[in-house]
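Participant: Listed below are the residues making up each chain.
There are 2 protein chains.
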Amino acid sequence: MKIYRYPLFNSWPAILRRPSADYSEKLDTVREVMSKIREDGDAAIREYTKQFDKVDIADSQVTADEIEKAVRSLDPGLKHAINIAAQNIDKFHVAQKIPHRVVETMPGVKCWQKSVAIERVGLYIPGGSAPLFSTVLMLGIPAMIAGCREVVLCTPPGKEGKITPAILYAASVCHITEIYKIGGIQAIGAMAYGTETIRKVDKLFGPGNSWVTAAKQFVAMADCAIDMPAGPSEVAVMADLTANPEFVAADLLSQAEHGPDSQVILVTTDEQLINDVITVMGTQLKALPRSATASKALENSRAILLNDMEEMVSLINLYAPEHLIIATRDADLVADRISNAGSVFIGNYSPESAGDYASGTNHTLPTNGWAKSFSGIGLDSFCKKITFQEITRAGIMVLGPVIEQLAEAEQLFAHKNAATLRMK
Amino acid sequence: MKIYRYPLFNSWPAILRRPSADYSEKLDTVREVMSKIREDGDAAIREYTKQFDKVDIADSQVTADEIEKAVRSLDPGLKHAINIAAQNIDKFHVAQKIPHRVVETMPGVKCWQKSVAIERVGLYIPGGSAPLFSTVLMLGIPAMIAGCREVVLCTPPGKEGKITPAILYAASVCHITEIYKIGGIQAIGAMAYGTETIRKVDKLFGPGNSWVTAAKQFVAMADCAIDMPAGPSEVAVMADLTANPEFVAADLLSQAEHGPDSQVILVTTDEQLINDVITVMGTQLKALPRSATASKALENSRAILLNDMEEMVSLINLYAPEHLIIATRDADLVADRISNAGSVFIGNYSPESAGDYASGTNHTLPTNGWAKSFSGIGLDSFCKKITFQEITRAGIMVLGPVIEQLAEAEQLFAHKNAATLRMK
Numbered sequence: 001m002k003i004y005r006y007p008l009f010n011s012w013p014a015i016l017r018r019p020s021a022d023y024s025e026k027l028d029t030v031r032e033v034m035s036k037i038r039e040d041g042d043a044a045i046r047e048y049t050k051q052f053d054k055v056d057i058a059d060s061q062v063t064a065d066e067i068e069k070a071v072r073s074l075d076p077g078l079k080h081a082i083n084i085a086a087q088n089i090d091k092f093h094v095a096q097k098i099p100h101r102v103v104e105t106m107p108g109v110k111c112w113q114k115s116v117a118i119e120r121v122g123l124y125i126p127g128g129s130a131p132l133f134s135t136v137l138m139l140g141i142p143a144m145i146a147g148c149r150e151v152v153l154c155t156p157p158g159k160e161g162k163i164t165p166a167i168l169y170a171a172s173v174c175h176i177t178e179i180y181k182i183g184g185i186q187a188i189g190a191m192a193y194g195t196e197t198i199r200k201v202d203k204l205f206g207p208g209n210s211w212v213t214a215a216k217q218f219v220a221m222a223d224c225a226i227d228m229p230a231g232p233s234e235v236a237v238m239a240d241l242t243a244n245p246e247f248v249a250a251d252l253l254s255q256a257e258h259g260p261d262s263q264v265i266l267v268t269t270d271e272q273l274i275n276d277v278i279t280v281m282g283t284q285l286k287a288l289p290r291s292a293t294a295s296k297a298l299e300n301s302r303a304i305l306l307n308d309m310e311e312m313v314s315l316i317n318l319y320a321p322e323h324l325i326i327a328t329r330d331a332d333l334v335a336d337r338i339s340n341a342g343s344v345f346i347g348n349y350s351p352e353s354a355g356d357y358a359s360g361t362n363h364t365l366p367t368n369g370w371a372k373s374f375s376g377i378g379l380d381s382f383c384k385k386i387t388f389q390e391i392t393r394a395g396i397m398v399l400g401p402v403i404e405q406l407a408e409a410e411q412l413f414a415h416k417n418a419a420t421l422r423m424k
Numbered sequence: 001m002k003i004y005r006y007p008l009f010n011s012w013p014a015i016l017r018r019p020s021a022d023y024s025e026k027l028d029t030v031r032e033v034m035s036k037i038r039e040d041g042d043a044a045i046r047e048y049t050k051q052f053d054k055v056d057i058a059d060s061q062v063t064a065d066e067i068e069k070a071v072r073s074l075d076p077g078l079k080h081a082i083n084i085a086a087q088n089i090d091k092f093h094v095a096q097k098i099p100h101r102v103v104e105t106m107p108g109v110k111c112w113q114k115s116v117a118i119e120r121v122g123l124y125i126p127g128g129s130a131p132l133f134s135t136v137l138m139l140g141i142p143a144m145i146a147g148c149r150e151v152v153l154c155t156p157p158g159k160e161g162k163i164t165p166a167i168l169y170a171a172s173v174c175h176i177t178e179i180y181k182i183g184g185i186q187a188i189g190a191m192a193y194g195t196e197t198i199r200k201v202d203k204l205f206g207p208g209n210s211w212v213t214a215a216k217q218f219v220a221m222a223d224c225a226i227d228m229p230a231g232p233s234e235v236a237v238m239a240d241l242t243a244n245p246e247f248v249a250a251d252l253l254s255q256a257e258h259g260p261d262s263q264v265i266l267v268t269t270d271e272q273l274i275n276d277v278i279t280v281m282g283t284q285l286k287a288l289p290r291s292a293t294a295s296k297a298l299e300n301s302r303a304i305l306l307n308d309m310e311e312m313v314s315l316i317n318l319y320a321p322e323h324l325i326i327a328t329r330d331a332d333l334v335a336d337r338i339s340n341a342g343s344v345f346i347g348n349y350s351p352e353s354a355g356d357y358a359s360g361t362n363h364t365l366p367t368n369g370w371a372k373s374f375s376g377i378g379l380d381s382f383c384k385k386i387t388f389q390e391i392t393r394a395g396i397m398v399l400g401p402v403i404e405q406l407a408e409a410e411q412l413f414a415h416k417n418a419a420t421l422r423m424k
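Those sequence lines, one after another, are chains C and P.
Taken in order, the first sequence gives residues 1 to 424; the numbers are from the working numbering.
Taken in order, the second sequence gives residues 1 to 424; the numbers are from the working numbering.
In short, the hints are calculated from the structure, not lab data.
There's no promise every hint is true.
In this list, chains with the same sequence are indistinguishable; a pair is considered to hold if it fits within one copy or across any two.
[Said to hold, decoys possible] With a straight-line Cα cutoff of 25 Å, these simulated BS3-like cross-link-like pairs (lysine-lysine) come out:
(1) K26 to K54
(2) K385 to K114
(3) K91 to K114
(4) K424 to K286
(5) K110 to K91
(6) K110 to K79
(7) K50 to K162
(8) K296 to K26
(9) K296 to K286
All chains should be built: construct the whole structure from the sequences, respecting the hints.
Facilitator: As structure tokens, this is what we get:
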């Protein structure tokens, strides 16, 4: 952990700099894979799965039988935990429904917005050593609440051409039945462009490695909407004297174990806390199976000692962390002053892992400073808002002259005429 | 206008195909301009303004004096019309505020979302023969309601290095004071990367020609959020026997006069209406100053005769038009069945130009089929949602075991530990 003591304001941007995410070198490969998929469809997908995942899969769609088996075979304790998490995620996202409110802006001029589900969405779930079934819930539940008519899920097969039961169980909790054993760039291509067996989706969701991210960025340019730009996961902890070093250490390590490029930052007004946290982290680290990964991430992590709360709030808002833990006195008042963050965890008993799994909030969040302009995934992400207006004859008599004047000033006379004719 | 009579369902995609928007050939130029701007800042901007706008501007920022003069000089009738439009836009967008609702997903586990303004936003307003001051209102008013702390506006200067008074007046209505005489790619670059005088923005908004669009797509890949992908403007009119051919003709021409690449579609169950509309358009066209542009757009426009309302709704939802006018019996019931469109105009007295200018709804809308997955601009576009959670000691005792089980199943033991330690 690099320690910065009372750095001057103008040095903050350098201290907070993230590794730059340059996908341009990957784009050529991505472009090539994508054009192959557009040409050869399923055959190309099969070929890439052989090449990248080292397994030959003739029929990539998971059968109802496979799903049922997974549901039956999964450990009941894990099922129960998934069910509780699903309930909480459901509660939090159902509450995001917005009322349909008609605004009469002038007599006879009624306008409203309606939130309508995106019809067909594609969820990408990474595989690997620890398949992220929690992400299935985080994407599948809001899709279900939004009312997306079709939800398709792609996830890479294991060496035996199978998908982990927990992923299939989580999918079944979200009523997802269209599941393909496809991973990586080829999964993004299959969903963005469609093949003989997989219909094109309207929007793509989900995390992935830098290849998946590059593929999503590529299709987003002209072909398919995506959830948000992705980058390595991040946590910042704001802490003062009232923080518990054990908890802070565990939270920093939670982030560090995600990957060697994880971003971990401790911001505090208490120099002793930095020493204590570093000591405790050393102990906790030893007990972790992923200690090598976490150690690597910690090499790039930073502890920043600041003068006061004012500075801490400014620095956090400048950094815009994906996750922010506030372990300070009056943590809720501090939270009110946060304007740039993905998800905020208030007080000593709100670990990031609560939001990662089970409290109900979404764990798909903006990284790499995008929290300045992007929201995390929510119900909104699976809907688009359509505006409607209904103007009466009396309404156009009032509004028409305004339209005429404005259209004329913009020299758009057909626009003007569309109002004039209706006022006759 | 090309006429299609009762086309078979499987021919619809071909009939509805839009001209493909390929910006890849523009990207090399854009990349070059952008790297020059990142290197040379203001000097590069000045050089490009000389090159592209044929005017040398030493200080690109509009002065308070220039704004004041514009405000004083503008025609009072036009001011009044702008004020009325602004009021309606304000009413409609204020109503989009969402209440801050705390959800207790489990006892002691409180979660909520807060909508927070994006701090610094950049608005691009195209110039040219008809400067779009209405777009200033459509972007500036929601930015003001959202509470964006800084709003910067870029618009290209005219040949004498000035900006049209109506744009400056509209900006003043939205309390925008940071205005630069910069257009095209260089405006997008200045706002996305920042220069010595212009600070980088967090998100870019606004329409533009294909160069501006390519520039926005370029910066969106890694450097700055943008509002949405843009394409040529579109209108679809659904009409039956109850439609008024004069009104329909005027609405189609409103779209056609925007540019030669405008997309205009008439969908109807009434063959006679097609003939009537074509006849009336011929007459109306003659009176238009922009008749050459409109004629060109009409060459690619389509009239599609279908069997019934069922087919009309399906075709419209497949096409996902930016603007949809419903001039049919029971138009409001038809509107309920629309799932893909940017903005919907219901009944004979709701012309598209009402929404373009003055009814209150936003006119920055998804084109090119993006209405399947994107919303038009609204209050949300100028905010991001941050999630918060506050868990009590009692709360973590209930939620902790769930977190432990899930984290263990994903083999993330530091995540587990963050819960375990807090339950001790």
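Participant: It remains to establish, for every hint, whether it holds in the given structure.
Facilitator: Taking the hints in turn, this is what the structure says about them:
no.: 1; hint: K26 to K54; result: within (21 Å within a copy, 38 Å between copies)
no.: 2; hint: K385 to K114; result: both (5 Å within a copy, 19 Å between copies)
no.: 3; hint: K91 to K114; result: both (21 Å within a copy, 16 Å between copies)
no.: 4; hint: K424 to K286; result: between (82 Å within a copy, 20 Å between copies)
no.: 5; hint: K110 to K91; result: between (32 Å within a copy, 11 Å between copies)
no.: 6; hint: K110 to K79; result: between (48 Å within a copy, 24 Å between copies)
no.: 7; hint: K50 to K162; result: within (14 Å within a copy, 61 Å between copies)
no.: 8; hint: K296 to K26; result: within (24 Å within a copy, 41 Å between copies)
no.: 9; hint: K296 to K286; result: within (13 Å within a copy, 72 Å between copies)
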